[in-house]
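Here is what each chain is made of, one letter per residue.
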Amino acid sequence: MSMDLIQLFKAYAKTGIKTRFQYHLDSFLLSLAVFVREASSIFGVYFLLLKFDTLNDWNIKEIFFMFSILSATYSLFIMFFMVFRDFPDWIKHGDFDRILLRPRGIFVQMILNGADWVAALSHGCISILMFILSANSVGIRWNAGSIFYYLVTMISGTVIQGAIFVFFSAFNFYFSKNHGIKEFVFWKSRRFATFPVSIYGGVVQNILMFVIPFAFVNYFPAQYLLRKSDMAAYPEYYMYLSPVIAIVGFTLAYVFWRFSLRYYQS
Amino acid sequence: MNSRLIHVENISKRFKKPKSFKMEKESLRSIFLFQREYKNAVDGISFEIDEGEMVGLIGPNGAGKTVTLKILSGILRPDGGNVWIDGMNPYKDRKKYVAKIGVVFGHKSQITYDLTPLDTYGVLKCIYKIPANIYRDNLERFCDLLGVNEFINQPVYSLSMGQKVRAELVCALIHSPKILFLDEATIGIDVIGKEKVRKCLRELNKSDGMTMIFTSHDMKDIENTCDRLMIIDEGKMIYDGSKTSLYEEYSSQRMMEVEFEKPQQEIRLEHVVCTDSDNNPMSKYLYYNHSDVNYNEMILKLMRDYPVKDLAVREPEIEYIIREIYRKKKK
Chain R
0 MSMDLIQLFK
10 AYAKTGIKTR
20 FQYHLDSFLL
30 SLAVFVREAS
40 SIFGVYFLLL
50 KFDTLNDWNI
60 KEIFFMFSIL
70 SATYSLFIMF
80 FMVFRDFPDW
90 IKHGDFDRIL
100 LRPRGIFVQM
110 ILNGADWVAA
120 LSHGCISILM
130 FILSANSVGI
140 RWNAGSIFYY
150 LVTMISGTVI
160 QGAIFVFFSA
170 FNFYFSKNHG
180 IKEFVFWKSR
190 RFATFPVSIY
200 GGVVQNILMF
210 VIPFAFVNYF
220 PAQYLLRKSD
230 MAAYPEYYMY
240 LSPVIAIVGF
250 TLAYVFWRFS
260 LRYYQS
Chain X
0 MNSRLIHVEN
10 ISKRFKKPKS
20 FKMEKESLRS
30 IFLFQREYKN
40 AVDGISFEID
50 EGEMVGLIGP
60 NGAGKTVTLK
70 ILSGILRPDG
80 GNVWIDGMNP
90 YKDRKKYVAK
100 IGVVFGHKSQ
110 ITYDLTPLDT
120 YGVLKCIYKI
130 PANIYRDNLE
140 RFCDLLGVNE
150 FINQPVYSLS
160 MGQKVRAELV
170 CALIHSPKIL
180 FLDEATIGID
190 VIGKEKVRKC
200 LRELNKSDGM
210 TMIFTSHDMK
220 DIENTCDRLM
230 IIDEGKMIYD
240 GSKTSLYEEY
250 SSQRMMEVEF
260 EKPQQEIRLE
270 HVVCTDSDNN
280 PMSKYLYYNH
290 SDVNYNEMIL
300 KLMRDYPVKD
310 LAVREPEIEY
320 IIREIYRKKK
330 K
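Sequences listed follow chains R and X, in order.
Taking numbering that gives the first Met the number 0, the leading residue of the first sequence gets 0, the next gets one more, and so forth.
Taking numbering that gives the first Met the number 0, the leading residue of the second sequence gets 0, the next gets one more, and so forth.
Source of the hints: derived by calculation from the structure; they are not laboratory data.
Ideal Cβ placement from N, Cα and C applies to all residues, glycine included.
Please note that the accuracy of each hint is not assured.
[Unchecked claim] Cross-link-like lysine-lysine pairs, in silico, DSSO-like; alpha carbons within 27 Å at most:
| no. | chain 1 | residue 1 | chain 2 | residue 2 |
| --- | --- | --- | --- | --- |
| 1 | X | 107 | R | 17 |
| 2 | X | 198 | R | 17 |
| 3 | R | 9 | X | 107 |
| 4 | R | 9 | X | 193 |
| 5 | X | 95 | R | 91 |
| 6 | X | 205 | X | 193 |
[Said to hold, decoys possible] Estimated spans, in silico, between C-beta atoms of each pair:
| no. | chain 1 | residue 1 | chain 2 | residue 2 | range |
| --- | --- | --- | --- | --- | --- |
| 7 | X | 201 | R | 264 | 31 to 41 Å |
| 8 | R | 5 | X | 107 | 46 to 56 Å |
| 9 | X | 47 | R | 6 | 34 to 44 Å |
| 10 | X | 281 | R | 261 | 53 to 63 Å |
| 11 | R | 251 | X | 278 | 27 to 37 Å |
[Unchecked claim] Partner residues are not named here, just some residues of chain R that face chain X (Cβ under 7 Å, in silico):
| no. | residue |
| --- | --- |
| 12 | 10 |
| 13 | 21 |
| 14 | 102 |
Use the sequences and the hints to build the structure in full.
Have a look at this one:
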């Protein structure tokens with residue numbers, strides 16, 4: 000069974016990469032564009048911190064470290080959940096019909112089919128860069144425990160973002176267009192997650208913790224490794240909650256998605 | 000349980016109707032009010048199909064052909080009714096079911112645009128878990144039948160429309176399906192290509208006993224391949240029977256195409272229904288029942304009262320018969 004899935008993944012990856020290499024200049028420019036866009040937001044943070052030194056006790060290196068978690072998980076997210084991000088187009092072009100016509104699990108096909116290798120690469124590069132710049136100078140002791148925690152963070156951060164998109168893509172079965180919600184919900188909250196959640200007002204904080212739980216993608220995991228003073232405002236166990244939120248969130252999103260499928264109009 | 004291969008009972012499917020607004024005011028109001036209008040795309044269709052049958056599904060645009068095929072192939076869930084195919088419910092047993100069917104929707108491409116047909120077939124081999132020897136045999140056989148070999152290693156975007164459609168047909172056949180659904184599959188193919196496709200379909204039906212349902216706007220496709228016809232209009236079945244009995248029923252019907260010296264308003268003749276020609280403003284179509292009219296009188300009267308330039312009497316082509324059925328339904 001698992002051998003079979005690996006075979007399928009290989010077949011999809013091969014064609015996916017081959018497709019991209021048909022247009023290497025385009026792919027190169029695209030990854031450059033994504034890289035520059037992400038880098039410019041990092042520069043924004045950098046200049047801000049030049050002025051303030053710290054934000055709620057977080058210095059520039061620590062914010063970079065937190066950012067590296069965000070872009071690493073985002074990069075993984077693009078590899079696996081890309082289809083859900085672009086779901087309206089998939090429905091419009093009939094690609095989703097094709098998935099329904101093939102004798103494999105719908106989610107398996109969607110996850111294996113849609114990897115955007117190019118954008119994943121640029122986000123991955125950003126995250127590695129940020130990680131190298133910060134990981135050794137923010138006082139983390141890299142031992143077996145913290146490495147394990149870091150890996151779990153990667154997985155749960157990816158799955159939480161996946162859950163958000165799976166959930167919102169389900170609305171496409173009811174309405175043909177919902178770019179608006181997605182724009183608002185995901186892109187803006189991802190921007191918010193660049194900074195420590197503690198700097199925001201109560202409403203935004205609550206949204207980032209309980210509605211679109213970006214705080215559990217990077218803020219609380221970074222807290223576990225960095226232990227900044229603003230953690231005092233939150234219960235200690237929040238630092239261990241990310242995997243739980245990932246599992247519960249994804250399950251709910253999955254159930255809602257499967258339920259909504261019956262309203263698909265093709 | 001029914002012994003028939005395909006068993007469809009009273010299925011229906013309704014869609015939200017896209018509304019058109021006459022005034023801006025109305026469209027503004029609609030933002031705040033949830034008004035819903037529904038349209039029945041399929042409205043209580045039932046039929047049964049045996050193994051090895053070739054069925055042509057015809058009807059005007061928007062009649063519900065594509066929706067019917069989408070329900071049969073498990074893409075859409077019917078709002079009402081039952082579908083039972085080869086002992087499975089297409090929607091509920093999707094994974095098991097779709098392994099046994101092949102589908103081509105002419106308007107939506109199944110084949111990867113940037114890659115070669117061979118690349119796509121390779122992925123399909125993996126998706127359907129086709130054993131290597133069967134894959135090799137099928138690939139060779141279908142590519143040969145449909146003439147795909149000459150462009151199997153060219154990227155799909157560089158292919159002509161007709162080549163693309165033939166390459167897609169191979170996609171639908173590569174896993175040796177038991178049932179084939181084709182929706183406008185021959186769209187955009189030239190005459191020679193079409194003949195190749197028809198020949199291939201006939202052979203698959205004869206030698207493999209493959210069951211097929213297909214829709215086409217080209218009546219020649221259906222005339223040359225199907226034995227049974229189902230005609231639907233506005234989501235309802237208006238004819239279901241063999242092609243030959245349809246011909247017999249309408250064999251006394253004739254159509255005369257008459258070209259005049261100058262455009263005519265109306266032609267008054269006994270037992271004759273007159274309509275405008277589709278493509279020539281100088282021409283009219285006269286419909287009549289061959290046993291009702293006296294040719295001598297009719298032609299004489301026509302020649303005497305109107306400036307006739309040319310005329311041709313046609314046998315009842317299937318296209319005309321279908322038009323007749325629509326016309327009778329409308330009345």
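Failing hints, ascending? When the structure is compared with the hints, numbers 2, 4, 8, 11 turn out to be violated.
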